[in-house]
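Trainee: What follows is each chain in one-letter form.
2 protein chains.
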Amino acid sequence: MTRFAARIRSAQERMANEGIDALCLSVGSDLPYLTGYRAMPLERLTMFVLPVEGEGTIVVPGLEAPRVETDGMPFRVQGWGETEDPIAIVDAHLAGSGNVLIGDETWSRFLVDLQDVRPSRTFGNAGELMAHLRIRKSADEIEKLLSAAATVDGVVGQLENVRFSGRTEKDVAREVTERTRAAGHDTMDFWIVASGPNGASPHHEPGARIIEIGDAVVVDFGGHQEGYASDTTRMFVVQEAPAGFDEAYGVLHRAHVTAVDFVRPGVTAESIDAVARDIITDAGHGDLFIHRTGHGIGMDSHEHPYLVEGNSQVIEEGMVFSIEPGIYKPGEWGMRIEDIVAVTQDGVERLNRTDRAYRVVA
Amino acid sequence: MTRFAARIRSAQERMANEGIDALCLSVGSDLPYLTGYRAMPLERLTMFVLPVEGEGTIVVPGLEAPRVETDGMPFRVQGWGETEDPIAIVDAHLAGSGNVLIGDETWSRFLVDLQDVRPSRTFGNAGELMAHLRIRKSADEIEKLLSAAATVDGVVGQLENVRFSGRTEKDVAREVTERTRAAGHDTMDFWIVASGPNGASPHHEPGARIIEIGDAVVVDFGGHQEGYASDTTRMFVVQEAPAGFDEAYGVLHRAHVTAVDFVRPGVTAESIDAVARDIITDAGHGDLFIHRTGHGIGMDSHEHPYLVEGNSQVIEEGMVFSIEPGIYKPGEWGMRIEDIVAVTQDGVERLNRTDRAYRVVA
Numbered sequence: 353m354t355r356f357a358a359r360i361r362s363a364q365e366r367m368a369n370e371g372i373d374a375l376c377l378s379v380g381s382d383l384p385y386l387t388g389y390r391a392m393p394l395e396r397l398t399m400f401v402l403p404v405e406g407e408g409t410i411v412v413p414g415l416e417a418p419r420v421e422t423d424g425m426p427f428r429v430q431g432w433g434e435t436e437d438p439i440a441i442v443d444a445h446l447a448g449s450g451n452v453l454i455g456d457e458t459w460s461r462f463l464v465d466l467q468d469v470r471p472s473r474t475f476g477n478a479g480e481l482m483a484h485l486r487i488r489k490s491a492d493e494i495e496k497l498l499s500a501a502a503t504v505d506g507v508v509g510q511l512e513n514v515r516f517s518g519r520t521e522k523d524v525a526r527e528v529t530e531r532t533r534a535a536g537h538d539t540m541d542f543w544i545v546a547s548g549p550n551g552a553s554p555h556h557e558p559g560a561r562i563i564e565i566g567d568a569v570v571v572d573f574g575g576h577q578e579g580y581a582s583d584t585t586r587m588f589v590v591q592e593a594p595a596g597f598d599e600a601y602g603v604l605h606r607a608h609v610t611a612v613d614f615v616r617p618g619v620t621a622e623s624i625d626a627v628a629r630d631i632i633t634d635a636g637h638g639d640l641f642i643h644r645t646g647h648g649i650g651m652d653s654h655e656h657p658y659l660v661e662g663n664s665q666v667i668e669e670g671m672v673f674s675i676e677p678g679i680y681k682p683g684e685w686g687m688r689i690e691d692i693v694a695v696t697q698d699g700v701e702r703l704n705r706t707d708r709a710y711r712v713v714a
Numbered sequence: 353m354t355r356f357a358a359r360i361r362s363a364q365e366r367m368a369n370e371g372i373d374a375l376c377l378s379v380g381s382d383l384p385y386l387t388g389y390r391a392m393p394l395e396r397l398t399m400f401v402l403p404v405e406g407e408g409t410i411v412v413p414g415l416e417a418p419r420v421e422t423d424g425m426p427f428r429v430q431g432w433g434e435t436e437d438p439i440a441i442v443d444a445h446l447a448g449s450g451n452v453l454i455g456d457e458t459w460s461r462f463l464v465d466l467q468d469v470r471p472s473r474t475f476g477n478a479g480e481l482m483a484h485l486r487i488r489k490s491a492d493e494i495e496k497l498l499s500a501a502a503t504v505d506g507v508v509g510q511l512e513n514v515r516f517s518g519r520t521e522k523d524v525a526r527e528v529t530e531r532t533r534a535a536g537h538d539t540m541d542f543w544i545v546a547s548g549p550n551g552a553s554p555h556h557e558p559g560a561r562i563i564e565i566g567d568a569v570v571v572d573f574g575g576h577q578e579g580y581a582s583d584t585t586r587m588f589v590v591q592e593a594p595a596g597f598d599e600a601y602g603v604l605h606r607a608h609v610t611a612v613d614f615v616r617p618g619v620t621a622e623s624i625d626a627v628a629r630d631i632i633t634d635a636g637h638g639d640l641f642i643h644r645t646g647h648g649i650g651m652d653s654h655e656h657p658y659l660v661e662g663n664s665q666v667i668e669e670g671m672v673f674s675i676e677p678g679i680y681k682p683g684e685w686g687m688r689i690e691d692i693v694a695v696t697q698d699g700v701e702r703l704n705r706t707d708r709a710y711r712v713v714a
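Protein chains in written order, with our numbering: chain A, 353 to 714; chain B, 353 to 714.
Hint data in this document are derived by calculation from the structure and do not stem from the laboratory.
Treat the hints loosely; a few may be bogus.
Identical chains share a label here; the pair holds if one copy fits it or two copies do between them.
[Unchecked claim] Keeping only pairs whose Cα atoms sit at most 16 Å apart, straight-line, the calculated EDC-like set for lysine to aspartate or glutamate is: (1) Lys681 - Asp523; (2) Lys681 - Glu701; (3) Lys681 - Asp437; (4) Lys522 - Glu578; (5) Lys496 - Glu578; (6) Lys681 - Asp639.
These numbers were taken from a predicted model, which means no experiment stands behind them.
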């Protein structure tokens, strides 16, 4: 049985257990996880309709049908013509299905149309069911995540010899993306270069600010390689650290190391967050750590499990996620250290392996 | 009144006319069109809630709130914390709104959650209302689209001197994207390089096939520059055209020129499609023209109006769309010519301006 057939069978078993009649997947990573095919995120509907029993059908724009690899695959493909109504086609495939799950990232436009055409049918989110399948990575998946991590680690090494001062954030960000593509990434997903006070905005968009001597610079970047995501953050200090930075960095470094070392099967997602948060809070910076400690990663940059207060999910072998505590001092600086880690049988393995100290650059 | 205030007022006027209580916009271009802010397409909810009267609120993850430019803007921003429930916050902003429109590209997961929390509320698609606002471009928008078109036109010129034979499609595609970024594009959206028989798949993904002498190669690429999209297709023939290619290309070229010349205010979208299709059909290739003739373009690569049979929308000054007939001979070759055109007061202006003949390359 192929990998995809096994995954589809797992989905159907779980659907049967939960009383689900059909699963509908469109854009996003759930579809390629089950079928190997990634839908184009455009206005023409692609939807995989999988009944709880029997073979599913990928309903796809006719001109994209040749993109779908079907050799030996356990599903049918139905192309729809430019003047056909894909909603009616999906509705027909769903005939008799009252209880349907729909992929989380599906355009809501299509859900509204499907609801309008058959108001008696109920739609729930497929997220939980798909996360259950995807959250424990296979050895092959972890190898791909490690390979993607090695690429961005290599770029971090290159950046140690790059001049930051006198350049705009945007220019440094461009260099980061070019180097990462050249090192083997197929696509870039984000490229945060946040200098000086901009560092205090965790998702800062690199802009026209010129980096100066005495700035701390957050560099957080990632993309996709062979279908799997990378994501790492390292700190760069331009010649000399700003006031208060070294003390806080010592705390952050300790929080990161301690949280990583704490990870093992059996602990909860929120307890990992608490380990990092308690260290930062005890040092008096708790109100400056304004986000969760991490997120799962795999085919998506962000996926389950989320390391956040309130998530009591138990960590298991094969889960892969980021550990990325941060401290953000408004108007002055920000700092974050981020590694991807994989849960092993009795502990954890860091997939990002560069030194966690900050780099001093020119 | 700022551009954004004017657009929001237009949206509210139309909402009032149609009996809509509130508009909810999340990921996609509708949100930046009204507010200047583009939501990160991630798992944390961003949603602009605009009531039919009064000021709207962008509900945004707290760590992304600093990204929202608010100076002089006619809306509020409300950041939500990592342990808060953004659905409850949006629901509170919607209090009393029974008839709500939701942005087409919103993740369906959020729509399902909003429906579950308040089953009495009805949600419809915001697409039509937003298209009404966005479909006629301002002079400033057309200038940006022209600038993006000039960039890809420049790359087409560069490609005339590039060797195709002996290289993989993927390698040529990489060169196309690198050249386009270097020429000024901020992001790339697609990069089709489809050689020989692969050309017969209109949305072919560039792969490992090595381009040979005698291949026809479809090169269709575009991206974003200053927030506006580009999209052009030109044909490249490696030394000598394959059998039957020249005859068909003559037909395709005539279809393209005739369709572009036909465009003016007052004709319908489907009539432009018919003009191109009739020429190709009359020449005996109608069954090989397997897609619509074009799509609108602006902040999105694909938006209204769609030039397709069944769309009787009347063309107006300021509309901007592609004209891209194609002929696809399975197992042998494919061909497509694509320009973006802008509708003027009494006719049409091509924004892509390179020669429509195919290029002979090495």
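Trainee: All hints, please: hold or fail.
Mentor: Quick rundown of the hints versus the structure:
1. Lys681 - Asp523: neither (24 Å within a copy, 45 Å between copies)
2. Lys681 - Glu701: Close neither inside one copy (31 Å) nor across copies (52 Å); limit 16 Å.
3. Lys681 - Asp437: neither (53 Å within a copy, 25 Å between copies)
4. Lys522 - Glu578: Result: close only across copies, 14 Å inter versus 27 Å intra.
5. Lys496 - Glu578: Answer is within; shortest intra-copy Cα gap is 7 Å, inter-copy 34 Å.
6. Lys681 - Asp639: within (10 Å within a copy, 64 Å between copies)
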